[in-house]
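Q: As numbered in my numbering, the sequence shown has no gaps in its residue numbers, which increase by one up to the final residue, 360.
Note that these hints are calculated values from the structure, not bench results.
Here the structure is a predicted model, which means the values were calculated and not measured.
Ideal Cβ placement from N, Cα and C applies to all residues, glycine included.
Watch out, some of these pointers could steer you wrong.
Label pairs and their computed distance ranges (CB to CB) [to be verified]:
#1 A190 to P129: 20 to 30 Å
#2 G159 to H335: 14 to 24 Å
#3 V296 to G353: 32 to 42 Å
#4 D140 to E185: 42 to 52 Å
#5 E294 to E229: 21 to 31 Å
#6 S128 to T175: 16 to 26 Å
#7 G104 to A190: 35 to 45 Å
#8 P336 to G104: 31 to 41 Å
#9 K60 to E346: 20 to 30 Å
#10 P91 to S241: 16 to 26 Å
Cut-off 25 Å, straight-line C-alpha distance, at most; resulting in silico cross-link-like pairs (SDA-like, lysine to any residue) [said to hold, decoys possible]:
#11 K174 to G159
#12 K60 to G78
#13 K344 to H103
#14 K174 to P129
#15 K60 to T88
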Amino acid sequence: MTRTIDLVTLGEAMIRLTPPDHERLEQASELKVHVGGSELNVAVAAARLGVGVRFVTRLTRNPLGRMVENRAREHGIDTSHVVWTDEDRVGTYYLECGASPRANSVVYDRRDSAISRLRVGEVDWDAALSGARAFHVSGITPALSKTAAEATLDAVERASQAGVLVSVDLNYRARLWSRDDARAVMTRIMRSADVLITTEEDTERVFGIESESYEEVAMQLAQEFDLRFVAITLRENPSVWRNSWTAIVYEAGDSRVHRAPVLDIEVVDRVGSGDAFAGGFLYGLLSEDAARGVRYGVGLSAIKQTHPGDIVYATKEEVDRVLEGGGLRIVR
C-alpha cells in the first residue's frame, strides 16, 4: 500500500562516527556509526508520527549511499526521487560527546559530498512535490556550495508556486559559511517561505534581529518576511547533560503566541533535537494547527534527546505520555 505523501524534505544525509563512553577522538579505538542529517532527521520525525514523507537528496551509488537510503526506507520514507551518482562521496562527521565543563564537539568531513554538487534541474520537482502539502529545507543545504544554494532556492520557489507550504529551519552553521553569505542567501529563500523554525541566537547571527523578548523576535521575523508561522526553540543548559527545553510559535494570522510546556531533560544526545522539533511541529500543523504543532514538536524532540543518534526513535503514544506529564515509573 502506497502512503500519501504530505511532506517533502530536501537535504544532506551523512554518516556520523562517535567514540563510545565519552572518549576523545584522538584516544578512540572504535567508533559507533549513525546516519543523520537535518532534513532526513525531520523526515523521520514526521514519519514516526504518521506523516507520509518523501526525502530528496543526492547520494553516491556505493555501500554508504545505500546505508543512508536504507535508513530512510526503514522508517517508511519514500526515496524514489533520490538523485544517484557514481561520482563524489557521502559526507561524514565525527561527534565527540562532552561532559561539563567540556562541550560536545563536531569535526566535519563533507567537502565535495554528492549533495553539495546538486544542480538546478537534477530533481523533477513537479513529480517530487505532486500531492504534497508541505516542503521543508534547512539553512545547512544552501551553505554546502553555490550550486546547492541555487538548487535550494529553485526548490523553494517551485514549491511555493505549486501552493505547497514552505518550511525553513534557519540552522546556521558558522563552519559552513559566513554570516554575510548566510544572510544574502537565506533572505532570498525566505521570500518563498511560510514557516520559519529558528533559535534566538541564529536569528541574531543571520538577520541581525534581536529583542528583549522571544515573542518580539518572532513578530519581527514574521513581519520582515511575511511569514505565517515563526517557531523559536528555547534551551537552558545548566550543564551539558541537564537541560530544560521548550518552544513558542507565533501565528501571524491572528497575532497569537502558542507555548509548549517546559520539559526537564537528562540529555543523552542532543544532536537532531531541533530537527525532531521541526518534524513534530509539521505533524501537528498539518494534522490540526500550530498549537498542536508546538506541543508535539517539543514532546518529540525531548524524547529524541534521551537516546543516541541523530534520528528520533519514538511513538506518538510516547509523546502523548510525555506531554500528559507521565511519570518515570517503568512502563510495563
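Q: Run every hint past the structure and note whether it holds.
A: Right, here's what the structure says about each hint:
no.	hint	result
1	A190 to P129: 20 to 30 Å	violated, 49 Å
2	G159 to H335: 14 to 24 Å	violated, 33 Å
3	V296 to G353: 32 to 42 Å	violated, 21 Å
4	D140 to E185: 42 to 52 Å	violated, 26 Å
5	E294 to E229: 21 to 31 Å	holds, 23 Å
6	S128 to T175: 16 to 26 Å	violated, 41 Å
7	G104 to A190: 35 to 45 Å	violated, 24 Å
8	P336 to G104: 31 to 41 Å	violated, 22 Å
9	K60 to E346: 20 to 30 Å	holds, 23 Å
10	P91 to S241: 16 to 26 Å	violated, 49 Å
11	K174 to G159	violated, 29 Å
12	K60 to G78	violated, 29 Å
13	K344 to H103	holds, 14 Å
14	K174 to P129	violated, 37 Å
15	K60 to T88	holds, 21 Å
The earlier numbered hints that this structure contradicts are 1, 2, 3, 4, 6, 7, 8, 10, 11, 12, 14.
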